[in-house]
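Protein chains in written order, with UniProt numbering: chain H, 1 to 419; chain F, 1 to 307; chain D, 1 to 286.
A portion of the hints provided could be inaccurate.
[Stated by the list, open to error] Quick partial rundown of chain F residues pointing at chain H, CB under 7 Å, derived from the structure:
{"#": "1", "residue": "60"}
{"#": "2", "residue": "168"}
{"#": "3", "residue": "254"}
{"#": "4", "residue": "258"}
Simulated from the structure, these hints should not be mistaken for lab results.
The C-beta atom is built at its ideal place from N, Cα and C for all residues, glycine as well.
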Amino acid sequence: MVRKFCLALAVAASALAISASAWADITILVPSGSEGDGLRAAAADYAKMKNTKVETVQAPYANVFEQGANAGATKSGVFDIILMDDPWIPFFAENGHLEDLTSYFKGAGVEGPDNDFLSKSLAICRNPYNSGPYVCLPYVGNAQMFFYDAAKFKEAGVESPKTWDDVLKAAKTLTEQGGGRYFGYVFRGGQGNPVVADFMPIFWSHGADMFNADRTKVTIDTPEGAAAMKVFMALRDVSPKGVESYNANEVGTALAAGTAASSINWPNWVATFEDPSQSKMVGKISYSPIPAGTKPGSSEIGHWTMGIMAASKNKQEAFDFMMWATTAEQIKISAERGNPPVRTSVFTDAELTKQEQFRHYPVLMEAIQASTPRPRHPKWPEIENAFGIELSKAVAGTISPEEALKNSQAAVEQITGLK
Amino acid sequence: MLKSDKGTMPKSLRPGGGLEHWTERHLRYLMLAPTVLILLALTIFPSVYMFYAAVHRISPNPDLPWEFVGIGNFARLLTDAQFHVALRNTAVFTIAAVTLEFLLGLGLALLLDRFIRRLGFLKTMLMIPMMLPPIAVAITWKLIYEPQFGVLNEIMFLLGLPVQAWAGDVNLAMFSIIVADVWQWTPFIFLLMLAGLASLPVEPYEAAALDGASSWRQFWDLTLPFLKPVIAIALLLRVMDALRLFDLVFILTGGGPADRTKVLSLYIYQVAYRFADPGYAAAMSLFVLFVTIVLSTWFMKRMRLAE
Amino acid sequence: MATIRTRSRIRELLLRLSAYLAILVALILTLFPVYWIAANSFKFDIDIFAVPPEWVPRNPTLKHYDEAFVQRPFLRYALNSFLVAVGTTAISVTFGTMAGYALARFSYPWQWRKQISFWILSTRMMPPIVSIIPLYLFFNYFDMLNTKSALVIAYTAFNLPFATWMMKSYFQDLPVELEEAAIVDGDTRWGAFLHVALPLARPGLAATAIFCLIISWNEFLLSLVITLTEQSQTLPIGIAGRVTQYSTYWGEISAAGFMACVPIVIFAFIVQKHLVRGLSLGAVKG
Chain H
1 MVRKFCLALA VAASALAISA SAWADITILV PSGSEGDGLR AAAADYAKMK NTKVETVQAP
61 YANVFEQGAN AGATKSGVFD IILMDDPWIP FFAENGHLED LTSYFKGAGV EGPDNDFLSK
121 SLAICRNPYN SGPYVCLPYV GNAQMFFYDA AKFKEAGVES PKTWDDVLKA AKTLTEQGGG
181 RYFGYVFRGG QGNPVVADFM PIFWSHGADM FNADRTKVTI DTPEGAAAMK VFMALRDVSP
241 KGVESYNANE VGTALAAGTA ASSINWPNWV ATFEDPSQSK MVGKISYSPI PAGTKPGSSE
301 IGHWTMGIMA ASKNKQEAFD FMMWATTAEQ IKISAERGNP PVRTSVFTDA ELTKQEQFRH
361 YPVLMEAIQA STPRPRHPKW PEIENAFGIE LSKAVAGTIS PEEALKNSQA AVEQITGLK
Chain F
1 MLKSDKGTMP KSLRPGGGLE HWTERHLRYL MLAPTVLILL ALTIFPSVYM FYAAVHRISP
61 NPDLPWEFVG IGNFARLLTD AQFHVALRNT AVFTIAAVTL EFLLGLGLAL LLDRFIRRLG
121 FLKTMLMIPM MLPPIAVAIT WKLIYEPQFG VLNEIMFLLG LPVQAWAGDV NLAMFSIIVA
181 DVWQWTPFIF LLMLAGLASL PVEPYEAAAL DGASSWRQFW DLTLPFLKPV IAIALLLRVM
241 DALRLFDLVF ILTGGGPADR TKVLSLYIYQ VAYRFADPGY AAAMSLFVLF VTIVLSTWFM
301 KRMRLAE
Chain D
1 MATIRTRSRI RELLLRLSAY LAILVALILT LFPVYWIAAN SFKFDIDIFA VPPEWVPRNP
61 TLKHYDEAFV QRPFLRYALN SFLVAVGTTA ISVTFGTMAG YALARFSYPW QWRKQISFWI
121 LSTRMMPPIV SIIPLYLFFN YFDMLNTKSA LVIAYTAFNL PFATWMMKSY FQDLPVELEE
181 AAIVDGDTRW GAFLHVALPL ARPGLAATAI FCLIISWNEF LLSLVITLTE QSQTLPIGIA
241 GRVTQYSTYW GEISAAGFMA CVPIVIFAFI VQKHLVRGLS LGAVKG
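So that you can see chain H by itself, here it is in the shape it has in the complex (with noise of 0.2 Å):
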């Protein structure tokens, strides 16, 4: 018996001697969805081209944040570059996680990216929002559009919603034909940032924000909020019984299996929309930006951006690979592995949009145009979590909407400690 376990031990201590790693020239941090797949195939088109070693390391949407965050306070610089969710930014770029790329502008002979990518785009990869120095470069263009299902819409009387009004009169009708069934609306309401990400459009066309423009002070509680949170409520009330579980994940298989008419989504699932094996709504979904409230309509600008880790050893090797993965032929290629381009020329490209797969395009380009950043702030996950669990009572009906708003603004002015 001891022999077979000393045996077993030799042959597992050799597997792992062989397993010793071989670093590489640069390396990236992506998660594991179509965006990191997207970017992880550039790099091996370039290690190819250049002969260099790119190795991507993919983790798990749900922990790429941590895996950049540990890596940051530790100074490890295991990772040269790191593709952000645009929220992390403030984080990452404010705790001195990130190089500056002024300097490696200057180098390459620019002021900075040229005027192709989309304003919108680039002013998020600016810390602060829109006027400090470029910490990163935007790769991947998301943008929330609206989802809905044009023939039911037009049953309920409403040809094509313009309005959240417009919403909730057709989806009201939907789901009192439904039968507990079918719903007229669905939406992400799992607590934290599924919630967030769901209502602050709805906040924004109805003219609220969470700060006011000079980030003084906390705006949650406001007459602008509360007509917000009306008609966030009078959705939920017309969305199917547990959503306040639901992710993107959920609501886009309620529409793509025909059981509900409209939600907010990430452009992403036109893809999955109109695969058969996928969908049953293939051809009869159609999308436009966000509907507007009280004011124009907002989506909720989700982009990932390319930022190089301030511990990286191989810099001048990462912001060059950063500028070839972002040239227009590049963003182009990106497109066609499926991932939402930052700039015009793609966007408009006509050999693009007249495929099927990429006829949203301009709805798109139009959405991210409107589309407003998540509250730009270090602490934007700690606040996101306050306002997620406010927001999650609320939807599940344990407090009131006021009392809701309420509790937000008092979270919020702790944690960001605006009074």
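Put chains F and D on the given structure of chain H with help from the hints.
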């Protein structure tokens, strides 16, 4: 202590080489040494780090020095409402889940022991849930609980019962988490109980049968006392694991709805990684560690398990 | 008299029937979710969400197996998981057995035995979430991030206490006389352990090994932070990676989850006899 140790052994050693003799004399330390050294090496740094971190405010910015805050982080535990919510949820979960797992596991083991002794493969089948990766279990239960397409609501519908939102319902979310955990870990208790039952001595039962004791009395007076040590170990291990439940909540509910399933591990995780406040997270962890140690010491004393 | 006997026979029969029924229900409840994972892994995405559900896949497909094991490196993840699980189990069981034996048989000065036993158990009580940061620093310092050895070391930290305790209680249950006899016959103390105690403890070893194997095969949190690429990432990380920001790949997750339990179930069937017997002697008395 065993008599063999001091009585028969040391002098009966054969004369061997010096090294062999030395090895033999120090065997009690040599056999223990690798484990103690490995565990020391692996836990000393994390423990010291945890104590050190717990009395500091640690900025995620590596260029800022750690700020000493004394017992500040521990004082926060008293006023942090989210921590209290998490504490209560963890207590509810641990008590409910472990109790259910224990009752079901013991009941099932008694049934199998009495009626189906031979079918080993049946026992292995009943063990399968605990062999699945918890992350896959969590994702599968999410699919089962799904309010619109989930198979559970379909079954409710077929049985003529009202459909529910399960993990999405404020009042059922914790229950849903408990059910999934009970499903995965009842087999663990079941297996330990089955093993305990298999090793029961026969004589006391024969005597009891002669005295005309009912099976209920036999269970109460003989089986339970005999099983006490194995019950104690099983409960101890389960409680230790239940206190750090993470995967199920992370995947199924994210702590919602309305904070009803936010458990300590999830909150510590959020504080440490999302809110980048490892000092406070360390303080909370120390608190959890302290509670675990106090609970298990008390429990082991009661069950006389230490010896 | 006769009627009483018949009545008690009927009672016994009813009891037996209801027992079988209860076991059957337990079996169905236990196996249904496992069946559901398996069934979903053979369905197209759209059929996973069919209303009413497809109890049996109507258009079975191997699409998800192809996606997971051919297009994505799940085979690689499985191999990593396997190496790590075997390595951890080998180390934990070897050293845990020795330590367990020592704690069961030897005396130590100043009550050490009790203290050390409890200390060993208490190392398993540390909340893993917070030991992640120091372990990350630790492995980063030794340049061991993203290696399978780092995983083995980390997993040993919580499997070793478990193995020690299981084996300790197991040896405590074994009669000491056999070892004494061997020593009287001229065997050394170590020899008595190796040639007498260890063979008797075989079932306990099997039981301990399978628990270590299950725990390290399925571990998630530590692997998440220590591993970076498919060179060392394990199955649970691969599975979690299919829950992306925008959508969840149920089919692939089901395929990988189902395949993940196969090796352990096979192993459990192989050691099944040892397992129940092993536990019935060990772990029973504390």
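Hints violated by the structure (listed by number, smallest first): Going through the list in order, the structure violates no hint and respects every one.
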